[in-house]
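Student: Listed below, chain by chain, are the residues.
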Amino acid sequence: MRSARLEKVFPYLQETGYRLTSPETINYNCIAWAAGKTNRCWWPDPGGIEYWPRGVPREVTIAAFIQAYAKHGFRVCVSPELEPGYQKIAIYADGNEPTHAARQLPNGKWTSKCGNLQDIEHNIPEGVCGSHYGDVVVYMKRPLRRVKSRKFRHGRWLKLHIRRAQRRRQSR
Amino acid sequence: MKFKRRLQNVFHREHHPVAPASAVDILAGGGSSPQAREYFVSESSQLDPEEAVALDSSGETSGKIHAEGFDGDGGSSQVSNLVKPVRSMRRNLATTAAVGAVTVSSISGPVAVASVRVKVSGKATVHTVSVRDVSQKRPTIKESDAMKFHDLADQWREETCFLSSLTRIVSHPAYREIIDMGEAAVPLILEELRKQPNHWFYALHEITGASPVSTNDAGDIRKMTQAWVEWGIKNHYLKP
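Heads up: the protein sequence lines correspond to chains A and B, in order. Using this note's numbering, the letters of the first sequence correspond one by one to residues 380 to 551. Using this note's numbering, the letters of the second sequence correspond one by one to residues 3 to 242.
Read the hints as simulated data drawn from the structure, not as lab findings. What you were told as hints is all true, and nothing was included just to trick you.
Mimicking SDA-like on lysine to any residue, the simulated pairs with C-alpha atoms at most 25 angstroms apart in a straight line are:
#: 1; chain 1: B; residue 1: Lys-225; chain 2: A; residue 2: Asp-498
#: 2; chain 1: B; residue 1: Lys-197; chain 2: A; residue 2: Pro-402
#: 3; chain 1: B; residue 1: Lys-225; chain 2: A; residue 2: Glu-403
#: 4; chain 1: A; residue 1: Lys-416; chain 2: B; residue 2: Asn-218
#: 5; chain 1: B; residue 1: Lys-225; chain 2: A; residue 2: Gly-426
#: 6; chain 1: B; residue 1: Lys-225; chain 2: A; residue 2: Asn-406
#: 7; chain 1: B; residue 1: Lys-225; chain 2: A; residue 2: Arg-419
#: 8; chain 1: A; residue 1: Lys-450; chain 2: A; residue 2: Gly-464
#: 9; chain 1: B; residue 1: Lys-197; chain 2: A; residue 2: Arg-384
#: 10; chain 1: A; residue 1: Lys-387; chain 2: B; residue 2: Glu-161
#: 11; chain 1: B; residue 1: Lys-197; chain 2: A; residue 2: Ser-401
#: 12; chain 1: B; residue 1: Lys-225; chain 2: A; residue 2: Arg-437
#: 13; chain 1: B; residue 1: Lys-197; chain 2: B; residue 2: His-152
#: 14; chain 1: B; residue 1: Lys-225; chain 2: A; residue 2: Pro-432
According to the in silico footprint, chain A covers these stretches of chain B (three or more CB under 8 angstroms from chain A):
#: 15; stretch: 157-167
#: 16; stretch: 203-210
#: 17; stretch: 217-229
Computed beta-carbon distance windows for the label pairs:
#: 18; chain 1: A; residue 1: Pro-485; chain 2: B; residue 2: Glu-145; range: 51 to 61 angstroms
#: 19; chain 1: B; residue 1: Gly-211; chain 2: A; residue 2: Asn-502; range: 41 to 51 angstroms
#: 20; chain 1: B; residue 1: Glu-185; chain 2: A; residue 2: Asn-406; range: 21 to 31 angstroms
#: 21; chain 1: A; residue 1: Gly-534; chain 2: B; residue 2: Gly-211; range: 40 to 50 angstroms
#: 22; chain 1: B; residue 1: Glu-161; chain 2: A; residue 2: Thr-395; range: 23 to 33 angstroms
#: 23; chain 1: A; residue 1: Val-457; chain 2: B; residue 2: Lys-241; range: 50 to 60 angstroms
#: 24; chain 1: B; residue 1: Glu-208; chain 2: A; residue 2: His-451; range: 26 to 36 angstroms
#: 25; chain 1: A; residue 1: Pro-522; chain 2: B; residue 2: Asp-182; range: 42 to 52 angstroms
#: 26; chain 1: B; residue 1: Ser-216; chain 2: A; residue 2: Ala-443; range: 19 to 29 angstroms
We put the beta carbon where it would ideally sit given N, CA and C, even for glycine.
With the hints as extra help, turn the sequences into a complete structure.
Tutor: Below you can see the structure in the form of structure tokens.
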């Protein structure tokens, strides 16, 4: 599926390839979507209207955005190439003003939430570059989570421990 | 029993300075006696709920005053007569014991600053509050304002729908023009927000100065919309 409106705003999309992956929604924005969150909009507005991670300066600077994503485990990296075991994001800025963020998918393509419009899957991060979002200024990456989280393992261990204790009591 | 304090009817209109004529006109629409008018106390000096006792003069309890108290959570409860304010103190309501007459000292739009007489620690004192005239429940919406608003809102929506930068969304010229419309835009924005949630929160805050959204709900469009719509209904900008 394609969108004439998006192609008009982001002319490179048509050239580089993309597809729509969600209906329009205002519940989250690209900054939240890049961090994998879909329950609220992120933005460092000084008035505190939008969500912004605690302890990170509420200023529209690239440094503040890097700090915000660092709170979610991302570290600055050099290349946008797919690295197994890592999830990457790209921060876009127009000059020094951050405007957008995209996240790399396990297939190496990128996903963006375009304002109040749809989520899209675009082949390269530069697909949404242009007069509105500017260019990619920083790439960041974080290790992908393991399927068995520590919490899960701990829960399983706890169940075993309880069962053993019950058996011991019964044997007495 | 502290919660069973009865209201003391000691306050009388003669104890208060006469309200300016313009204030009376705006607050009451003129004509009726002050005690028969309805006021909406939207803000009050903080009183110790354990000590504050509402005062009222005998025979003047017909005056309805809606006192909105503020508790620790920023929540509020409306009370519509002279007995309820004291009852609501059970819930540690850190305000208001409003009484049968208020004296208006200044007016800004439908909100006026008024003095309310209360008894604190057995001593009658006058506290300053903001009151809203309930006869002006809903600011009248001019057709020209509505048309202007909808044109600007359409333009803003169309030209910012692909942006995530709140900085750019709220600095769009059409959005700024809507903010410049002032209070006339508030009911229109709230109606629009109720129909189709969007980033109207900044404009509402800038025009009204209100912040009904809790910090924990920042960025949650659904909860923010709900909080603002409830605020709009409470402040008579929106119909329930």
